[in-house]
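**Q** Full structure from sequences and hints, please.
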Amino acid sequence: MKILHIFGPKDGPESVEGLWAVEYEDASENALVQLFDFWQDPELMVRFCVENIDDIQRKFGDDVTPEEAADELMDEADEMLMFLMSLAKRETSDTLQSLFKPLNDLETDLTVLQLSKASSKTKLRKDPKLRIYAVRINENTYVVTGGAIKLTNQMQDRPHTIEELQRLKTVKDWLNREGVSYPEDLTDVL
Amino acid sequence: MSMKDKLKKITSEKTSDWLAKAEDALAHAGARRNARKVALRVLQALREQDINQADLAVKMGVSRQQVTKIVKGKENFTFETIDKLEKALGVTLISVAPTPQPALGHGTLIESTLTIPARSQIAEPYKGSRHVFISYSWFHSPALLAMFYSSIKKVSQDIVHKTTEQPLELSGSTVFFDVQAFTSDPITTTSNLVKEFKGADKKIVECWS
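If you read the protein sequences in the order shown, they are chains A and B.
Using numbering that gives the first Met the number 0, read the first sequence as starting at 0 and increasing by one per residue.
Using numbering that gives the first Met the number 0, read the second sequence as starting at 0 and increasing by one per residue.
No wet-lab data here; the hints were simulated from the structure.
Check each hint, because a few of them may be wrong.
[Said to hold, decoys possible] These stretches of chain B come out as covered by chain A in the derived footprint (C-beta under 8 Å, 3 or more residues):
#: 1; stretch: 1-8
#: 2; stretch: 13-19
#: 3; stretch: 22-29
#: 4; stretch: 53-66
#: 5; stretch: 69-81
Glycine included, C-beta positions come from ideal geometry on N, C-alpha and C.
**A** Written out as structure tokens, the structure is:
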């Protein structure tokens with residue numbers, strides 16, 4: 000397992016702060032590229048909606064077709080993409096820290112190696128279904144582990160979100176073993 | 000060991016191409032969206048008619064790889080391909096709307112101000128995009144609304160094919176159109192739009208890009 004720097008306020012080889020993504024063993028792309036490749040693929044999105052049609056119809060309404068739901072989800076993915084790009088290009092005053100929240104809704108403090116999530120919640124989209132999952136290394140520094148179409152209240156409710164939860168924990172443990180867990184170290188180089 | 004060194008130790012030698020891919024996706028957002036709509040319609044027809052992609056390729060007389068491109072929203076369609084798809088699936092994928100015949104006097108403008116909303120009023124998903132949104136009050140008459148679409152096309156000239164045919168979103172009684180992404184002079188375009196669309200007193204309130 001390795002990580003890649005995606006973007007950050009300090010570009011270049013000395014950069015630490017910013018968005019990172021995990022590159023898993025045997026994976027052709029890093030976790031963020033894989034995620035958006037999935038979210039932007041109509042065939043895969045429809046397949047997911049067909050396989051999870053009960054959850055889809057509970058979220059979108061009984062009459063929704065898999066294709067209509069996929070279309071809506073892909074619009075949401077585009078919104079997420081635009082927001083990340085606005086962060087990458089510094090076109091917004093928002094930060095990664097305003098995008099990512101603690102995975103556990105009951106956690107209010109931001110901590111090192113905290114399991115985190117991001118969604119495209121806006122005034123117009125009060126119930127976003129897409130999530131990007133990441134481990135927070137430090138202020139405005141996150142390592143993306145994956146993402147999901149979350150249609151249930153708890154990640155433990157469905158196999159595909161359980162898998163993402165496991166990935167989060169695995170990456171956290173790995174970062175911990177590699178010693179990426181001391182904020183004072185990070186402060187030294189920022 | 001400093002954090003920088005610790006991260007360096009676990010950092011891949013590869014360079015991420017996520018930014019380049021994301022920029023490309025946003026630069027071709029309109030074409031991608033259309034290709035996606037067609038892909039979804041094709042997938043729906045396949046599902047409803049219980050046809051697999053290999054059978055569709057045979058029916059169309061194209062390669063399986065081309066069908067894969069279509070259902071993945073990667074195909075840059077020709078009219079010929081669209082025609083083959085429509086015949087193979089028995090569905091209509093695209094149609095060209097007839098020239099609208101506005102029926103002035105049959106509708107009432109409920110608001111006569113042409114506005115471009117302040118950045119703070121723009122819905123979050125569209126922030127950060129290099130678009131200008133022209134909002135116009137919703138008309139009671141569909142014919143008047145059709146005339147407004149037509150007016151946008153006239154003043155947009157070379158950008159006509161890229162101007163949104165339908166409102167991007169509806170917010171209360173307001174319609175948002177995306178025009179600026181395809182013109183270097185949004186103020187003039189908007190001003191021409193005001194002149195073009197006669198029949199009510201209008202003014203530009205604010206413009207941003």
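**Q** For each hint, tell me whether it holds in the structure or not.
**A** Results for each hint:
1. For the stretch 1-8 of chain B, the stated coverage by chain A is satisfied: 6 residues place a CB nearer than 8 Å to a CB of that chain, which reaches the threshold of 3.
2. Chain A is given as covering the stretch 13-19 of chain B, and this holds because 6 residues of the stretch bring a CB closer than 8 Å to a CB of that chain, at least three being needed.
3. A count of 4 residues in the stretch 22-29 of chain B with a Cβ less than 8 Å from any Cβ of chain A is obtained; the coverage claim is therefore met, three being the minimum.
4. Only residues whose beta carbon comes within less than 8 Å of a beta carbon in chain A count, and the stretch 53-66 of chain B has 0; fewer than three means the coverage is violated.
5. By the rule of at least three residues with a Cβ nearer than 8 Å to a Cβ of chain A, the coverage given for the stretch 69-81 of chain B holds, with 3 such residues.
Checked against the numbered hints given earlier, this structure breaks only hint 4.
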